[in-house]
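J.: The primary structure of each chain is shown beneath.
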Amino acid sequence: MTGTAIEQPSFFQAKKGLFSWIFTLDHKRIGILYLYSIGIFFLVAAALGVLMRLELLNPGRDLIEAQTYNQVFTLHGVIMIFLFIIPSVPAVFGNFFLPIMLGTDDVAFPRLNLFSWWLYILGALFALSTLLFGDGPADTGWTFYAPYSVKTGTNVTMSVLAAFILGFSSILTGLNFIVTIHRLRTPGMGFNQMPLFSWALYATSWIQLLATPVIGITLLMIVAERVFGIGLFDPSIGGDPILYQHLFWIYSHPAVYIMALPAMGIVSEIIPTFAQRTIFGYKAIAYSSMAIAFVGYFVWGHHMFTSGMSGAAAIVFSIMTFFVAIPTAVKVFNWVATLYKGSIDIQVPLLFALAFIFNFLIGGLTGLVLGALAADVHVHDTYFVVGHFHYVMFGGAGFAFFGALHYWFPKMWGRMYNKKVANTAFALLFIGFNATYFPMLILGLKGMPRRYYDYLPEFHDLNIVSTFGSWILVTGIIVMVINLLAGGLKGKKASANPWHGITLEWQTASPPPLLNFDKMPELPKGGPYNYPNAKNADH
Amino acid sequence: MADSHTFVLPNSGHNFDAKASKMGMWLFLLTELLLFGGLFLVYMIYRYLNQDAFLLASFELNVWMGTINTIVLLTSSMTIAMAITALQKGNAKLAITLSWLTILAALGFLVIKYFEWSSKFEHGLFPGMDHFDALPLGERLYFYLYFFMTGLHALHVIVGGVFIAVVIRMIKKGKVTKERYSLLENSGLYWHLVDLIWIYLFPLFYLIH
Numbered sequence: 000m001t002g003t004a005i006e007q008p009s010f011f012q013a014k015k016g017l018f019s020w021i022f023t024l025d026h027k028r029i030g031i032l033y034l035y036s037i038g039i040f041f042l043v044a045a046a047l048g049v050l051m052r053l054e055l056l057n058p059g060r061d062l063i064e065a066q067t068y069n070q071v072f073t074l075h076g077v078i079m080i081f082l083f084i085i086p087s088v089p090a091v092f093g094n095f096f097l098p099i100m101l102g103t104d105d106v107a108f109p110r111l112n113l114f115s116w117w118l119y120i121l122g123a124l125f126a127l128s129t130l131l132f133g134d135g136p137a138d139t140g141w142t143f144y145a146p147y148s149v150k151t152g153t154n155v156t157m158s159v160l161a162a163f164i165l166g167f168s169s170i171l172t173g174l175n176f177i178v179t180i181h182r183l184r185t186p187g188m189g190f191n192q193m194p195l196f197s198w199a200l201y202a203t204s205w206i207q208l209l210a211t212p213v214i215g216i217t218l219l220m221i222v223a224e225r226v227f228g229i230g231l232f233d234p235s236i237g238g239d240p241i242l243y244q245h246l247f248w249i250y251s252h253p254a255v256y257i258m259a260l261p262a263m264g265i266v267s268e269i270i271p272t273f274a275q276r277t278i279f280g281y282k283a284i285a286y287s288s289m290a291i292a293f294v295g296y297f298v299w300g301h302h303m304f305t306s307g308m309s310g311a312a313a314i315v316f317s318i319m320t321f322f323v324a325i326p327t328a329v330k331v332f333n334w335v336a337t338l339y340k341g342s343i344d345i346q347v348p349l350l351f352a353l354a355f356i357f358n359f360l361i362g363g364l365t366g367l368v369l370g371a372l373a374a375d376v377h378v379h380d381t382y383f384v385v386g387h388f389h390y391v392m393f394g395g396a397g398f399a400f401f402g403a404l405h406y407w408f409p410k411m412w413g414r415m416y417n418k419k420v421a422n423t424a425f426a427l428l429f430i431g432f433n434a435t436y437f438p439m440l441i442l443g444l445k446g447m448p449r450r451y452y453d454y455l456p457e458f459h460d461l462n463i464v465s466t467f468g469s470w471i472l473v474t475g476i477i478v479m480v481i482n483l484l485a486g487g488l489k490g491k492k493a494s495a496n497p498w499h500g501i502t503l504e505w506q507t508a509s510p511p512p513l514l515n516f517d518k519m520p521e522l523p524k525g526g527p528y529n530y531p532n533a534k535n536a537d538h
Numbered sequence: 000m001a002d003s004h005t006f007v008l009p010n011s012g013h014n015f016d017a018k019a020s021k022m023g024m025w026l027f028l029l030t031e032l033l034l035f036g037g038l039f040l041v042y043m044i045y046r047y048l049n050q051d052a053f054l055l056a057s058f059e060l061n062v063w064m065g066t067i068n069t070i071v072l073l074t075s076s077m078t079i080a081m082a083i084t085a086l087q088k089g090n091a092k093l094a095i096t097l098s099w100l101t102i103l104a105a106l107g108f109l110v111i112k113y114f115e116w117s118s119k120f121e122h123g124l125f126p127g128m129d130h131f132d133a134l135p136l137g138e139r140l141y142f143y144l145y146f147f148m149t150g151l152h153a154l155h156v157i158v159g160g161v162f163i164a165v166v167i168r169m170i171k172k173g174k175v176t177k178e179r180y181s182l183l184e185n186s187g188l189y190w191h192l193v194d195l196i197w198i199y200l201f202p203l204f205y206l207i208h
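First to last, the protein sequences are chains A and B.
Just so we're aligned, residue 0 is where the first sequence starts under numbering that gives the first Met the number 0, counting upward by one.
Just so we're aligned, residue 0 is where the second sequence starts under numbering that gives the first Met the number 0, counting upward by one.
Hint data in this document are derived by calculation from the structure and do not stem from the laboratory.
No experiment lies behind these values; they were computed from the predicted model shown.
Ideal placement from N, C-alpha and C gives every residue a C-beta, glycine not left out.
Fair warning: there could be bad hints in the mix.
In silico lysine-lysine, DSS-like type, Cα no more than 30 Å apart, as pairs [claimed, not checked]:
1. A:Lys-14 - B:Lys-174
2. A:Lys-445 - A:Lys-491
3. A:Lys-282 - B:Lys-18
4. A:Lys-489 - A:Lys-15
5. B:Lys-18 - B:Lys-92
6. A:Lys-419 - A:Lys-524
7. A:Lys-518 - B:Lys-18
8. B:Lys-119 - A:Lys-150
9. A:Lys-524 - A:Lys-282
10. A:Lys-340 - A:Lys-419
11. B:Lys-92 - B:Lys-177
12. A:Lys-518 - A:Lys-419
Where chain A lies over chain B, by a calculated footprint (3+ residues, C-beta under 8 Å) [as the list claims (entries may be wrong)]:
13. 92-104
14. 139-152
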């Protein structure tokens, strides 16, 4: 790079010392703080996942007792859901890139942003404290279903409070993003000139804002029941456990879209950049995010088809569930159409985006099997659910997170990772992922129930495949993490725009200066994805 | 850091933006409404399932105390609204006095609430006490909700009072002024929400017969 003007120091160099990080108001540093904290929890929970797969290598007890197994899968779920997937993309890449993509220098409430990260850490400490005292971590599953969650002797109270605090952190991040998007877009950028990642975050933020309080109050009711005997859910002292399930899923189903929508936003960024082509159906993708957010509120009942509800209610919930597939499919078709006749440059981020589409298709279609009343009765609470969920969450949201990491890595650190190693890591991840979770779908159809540390001998073969797969998968994760760490420390210097993207983050230096831009950013003419050298005959 | 040569964007997130801060407050109030909304939903379902028991249990409450508390909160909403207008017109001193009056009303509300709750305890009407555990399930549900909802509301009264106290300090320091009054306005908005929730709690628990 030849610096023509005097180079601004990057946000890494602008200030030094530990306090300049943990008390920073800079959205980029907060994003990186989130990345490291979230990354660590992801590795911890992944290790728990590998442990469970090891236990399931053979029928019967291999490594851990049944009770320990219950606690392990609960902790795996609590960490992965509340500490990894829900905050992952918005808190890391949303924080880092939303203001830059909008052409501003920070979020609307920088102090609130820092406070959200502190709340996240506090929630994490609450969750981890369950390991230290009493009967250990909760053994209820991450759903904390009453009345068992009220009666068990394990540390449910602390886990539930952790989820409450983390929810509060998530609400404040969402609130911050909504106001940022409304108030701080660069002059000339209307809503329909925003990058699609911003649209996805906008839809996500509304869900965070409108759904999270409901689980907040529900979890507080669980705490009140355990601490004061306010028996709102325990039938033996008055309450109704089914009501808990309703309240829980009123949040937790929309929460699935908190996890999925930002991932879709990332795919919508990566694909046009590597196809060097205008995104096909900009408005359709933008508005379908809002449609998913909206319809997602009315489908929670599909988690409860077998817990007892009227036939009429079940049919309505089932139909609504099928409706979600429409805006989702709109997105998939648009991504594929964007690739058509593009000048495609196959790089690691694109591979992750394509893997997202592949995995998410399987996750989505198996979701329809679960949303259909007749089929759900058979596969409910089997490994089919586990397989489906991991295809959507890990194969979908997780792969998009990795994709974003590889896509924006040169922008965040100003260096490039080793692309060959990154390709290898991707191959290991993709093969390992499918080898781990596809057998689960078959096991579920064959009737293997979930959440047991043991199984019947006829399920042995596929469990061996799945556990082998988990080893490939975890190798992929390790290779990827080491490659990225090495790239960040001593990778080759990256240019300001290594992928030839045209959204605003590629107009500033890598890594960006403290205030993001040293001159007014220029909006691309004719929309955020109007690539100058693309052959856009049809536009 | 920011020397005179540093380029600063016109749409900087570090600018003071009264509209943004008000918008943020409204969004936060929305989440508060949903927080209580979950409880109202639970109340609705249990009341529907146990209509007679809820009616019977509601006779245990003291309507007079509830009424006085309603008047206290409504008055405090008025004083905080007046405080905002006073500050907008440049009378910081009056704004501080009116804010103190609001805090006083908040304390009064909590004192009355304290007496109400203690009389319930004296009658053995708290989960775990003998008299309470002998009640039919429906009446217990009523009291679970009564304690949980009024308790959570009382927490909000405390938070609102502290919020207003912080703003009073900021006015004294000159950080909240005639030109930059949005923090006081936000504390007022929050206080109105606390009031509003009570306006719903009062008839639901005390008045429906």
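J.: The structure should be examined with respect to each hint, and the outcome stated for every one.
T.: To see whether the hints hold, each was checked on the structure:
no., hint, verdict
1, A:Lys-14 - B:Lys-174, "holds (27 Å)"
2, A:Lys-445 - A:Lys-491, "violated (50 Å)"
3, A:Lys-282 - B:Lys-18, "holds (28 Å)"
4, A:Lys-489 - A:Lys-15, "holds (20 Å)"
5, B:Lys-18 - B:Lys-92, "holds (25 Å)"
6, A:Lys-419 - A:Lys-524, "violated (35 Å)"
7, A:Lys-518 - B:Lys-18, "holds (26 Å)"
8, B:Lys-119 - A:Lys-150, "holds (27 Å)"
9, A:Lys-524 - A:Lys-282, "holds (17 Å)"
10, A:Lys-340 - A:Lys-419, "holds (26 Å)"
11, B:Lys-92 - B:Lys-177, "holds (12 Å)"
12, A:Lys-518 - A:Lys-419, "violated (35 Å)"
13, 92-104, "violated (count 0)"
14, 139-152, "holds (count 7)"
In terms of the numbered hints stated before, the structure departs from hints 2, 6, 12, 13, listed from lowest to highest.
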